[in-house]
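Trainee: Protein chains in written order, with numbering that gives the first Met the number 0: chain A, 0 to 378; chain B, 0 to 131.
Think of the hints as simulated: they come from the structure by calculation, not from any bench. This one's a predicted model, so the numbers in the text were calculated from it and none came from an experiment. Backbone N, C-alpha and C define an ideal beta-carbon position, used for all residues, glycine too. Incorrect hints may appear among the rest.
[To be verified] Simulated restraints on C-beta separations:
{"hint": "1", "chain 1": "B", "residue 1": "His-39", "chain 2": "A", "residue 2": "Phe-29", "range": "26 to 32 angstroms"}
{"hint": "2", "chain 1": "A", "residue 1": "Lys-82", "chain 2": "B", "residue 2": "Arg-117", "range": "50 to 56 angstroms"}
{"hint": "3", "chain 1": "B", "residue 1": "Thr-7", "chain 2": "A", "residue 2": "Gly-145", "range": "47 to 53 angstroms"}
{"hint": "4", "chain 1": "B", "residue 1": "His-39", "chain 2": "A", "residue 2": "Arg-136", "range": "42 to 48 angstroms"}
{"hint": "5", "chain 1": "B", "residue 1": "Lys-74", "chain 2": "A", "residue 2": "Gly-145", "range": "38 to 44 angstroms"}
{"hint": "6", "chain 1": "B", "residue 1": "Thr-7", "chain 2": "A", "residue 2": "Met-188", "range": "22 to 28 angstroms"}
This is what each chain is made of:
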Amino acid sequence: MANLNLLIVDDEPGIRSGIRRILSNFSVDFPFLEEEFVFSIEEAGSGEDAINIIDNNSIDIVLLDNKLPGMDGIEVLEYINKKQIDCSVMMITSYASLDLAIKATNNGAYNFVPKPFTPQELKTSIEGITKNLYLRRMTKQLNTVGKQIRFQFLSVLSHELKSPINAIEGYLRIMEERQVGNNLDDYEMMIQRSLERIRGMRSLIMDMLDLTRLESGKKARDVKKLDLAELMRISKDTMSPMAIQKNIKILINANPDEINFMGDQQEIEIIFNNLVSNAVKYNKENGEVVCTLEEGDSSVKIAVSDTGIGMSEEDLPKLFQDFVRIKNEKTKAISGTGLGLSIMKKIVEEVYHGTVQVESVVDQGTTFTVVIPKINLPV
Amino acid sequence: METLKNKTVLIADDDIDILTQLNLQCTNLGMKVLTAETQHEAEEIIEKTKPDIAIFDLMMDNRDSGFILSYKLKKKYPDVPVIIVTAVTADTGMIFGEDFNEEKSWIKADLYLEKGLRPEQLQSEMKRLLKL
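Given the sequences, and given the hints that come with them, work out the whole structure.
Mentor: What follows is the structure, given as structure tokens:
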């Protein structure tokens with residue numbers, strides 16, 4: 000169990016004790032976290048007191064009223080930013096104006112909760128801010144680890160590159176100083192060894208370039224004319240073994256029969272395979288998957304419908320987030336990484352400047368609609 | 000003035016080209032040369048033979064092979080000077096700084112040289128260490 004230090008800054012003692020009471024037995028945990036967070040509470044009745052506490056304690060979360068007797072909440076927020084204190088701030092105030100909300104958010108407040116709030120509203124906000132804080136710190140930590148690995152990689156690399164240079168330089172000096180006499184034949188071995196070391200160094204550099212290309216994720220794209228209807232048929236074949244197990248029929252309606260499109264086949268296959276595999280995975284026994292492809296003047300519309308378990312209205316917004324999977328009785332037996340839809344959405348939106356829409360009715364089915372423009376393709 | 004002639008030098012380096020070059024330089028000075036390509040080979044030589052001076056590469060089988068060899072050689076023959084040659088000081092930020100005397104007490108090498116040293120430099124350093 001991890002402890003977070005939470006500071007309440009409000010000039011009304013009643014609000015402070017109220018928040019303290021609400022959070023006293025409250026803990027936050029997320030499916031993706033191993034740890035459960037509980038809160039130690041500090042209180043400040045003024046901005047000046049708040050700064051004093053922030054300076055002398057490690058505060059993780061600040062609940063900050065804006066209207067305070069001396070310096071106001073925004074000034075406290077500015078101080079936190081100026082000093083680059085690693086904490087998340089949530090504004091709480093009865094003066095909930097849009098101006099203030101914008102100013103606070105510009106200054107790095109995580110969000111803004113108007114007073115009065117219910118205990119549940121406060122708890123929901125605290126959950127959000129805890130998640131934000133955790134992810135922010137985790138990202139920072141991963142970046143630091145990344146830098147260390149990078150430094151280790153570079154120091155090993157520079158040693159590997161320096162060794163052949165030292166060897167070649169050594170041979171050249173021996174030759175320069177004619178250390179074994181004036182007969183060129185006596186230097187043959189040194190020339191051959193130098194050439195060998197240069198070859199080794201060249202292949203090291205080539206490997207390193209490949210690795211860098213892989214790591215940066217910029218693998219070479221192969222954009223060419225594709226037939227989307229054909230690629231959908233390939234996806235159907237790929238997913239058929241899974242569909243047969245549940246006796247699910249996959250139908251393809253393409254209009255026209257051949258839809259030409261400039262794109263990278265691997266990327267399109269990722270999009271189609273994700274759509275079809277989800278439609279099969281979240282379907283019912285003896286269900287149906289209908290893939291409709293329609294070519295318009297400037298875009299292509301791909302819709303994949305299933306007759307499956309569907310999703311509730313609240314679940315829809317979570318659908319495309321990394322590592323998020325909708326969890327309930329009906330989905331618990333279905334496996335997945337939680338990355339498929341978010342990767343698909345990234346490819347559709349960032350690479351093809353298209354859109355993804357989803358409509359769903361619980362127990363009736365889900366339809367994903369992808370629209371990709373035929374122009375504006377990065378080549 | 001005495002020369003390095005007929006003195007025995009033990010050279011350990013896992014880079015065959017550097018080993019060849021040091022071997023040539025020392026042979027040209029009239030020295031008897033014993034070479035080892037691994038820490039283990041060098042340890043075997045130390046078991047059987049007492050060299051007059053030793054030159055060890057720092058990173059061989061282990062990241063600190065040079066230090067280990069230096070320690071073992073000095074344990075057996077405390078009077079034999081040891082030169083550690085390395086290409087890594089600048090890359091790894093490894094610096095023998097203010098605590099040098101303390102480090103020296105356990106590292107037990109007499110001299111640290113960057114790789115790429117000139118024959119004259121090597122010759123004069125060996126002469127100095129052998130008090131010739």
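Trainee: Could you run down the list of hints and mark each one as holding or not?
Mentor: Hint check results:
1. In this structure the hint that His-39(B) and Phe-29(A) lie 26 to 32 angstroms apart at CB is violated, the actual value being about 52 angstroms.
2. Between Lys-82(A) and Arg-117(B), the C-beta spacing of about 54 angstroms keeps the proposed range 50 to 56 angstroms intact.
3. Checking the proposed 47 to 53 angstroms range against Thr-7(B) and Gly-145(A) shows it holds: the Cβ atoms sit about 49 angstroms from each other.
4. For the pair His-39(B) and Arg-136(A), the supplied restraint of 42 to 48 angstroms holds, since their beta-carbon distance comes to about 46 angstroms.
5. Checked against the hint of 38 to 44 angstroms, the C-beta distance between Lys-74(B) and Gly-145(A) comes to roughly 42 angstroms, which is consistent with it.
6. The supplied range of 22 to 28 angstroms is met by Thr-7(B) and Met-188(A), whose beta-carbon atoms lie about 25 angstroms from each other.
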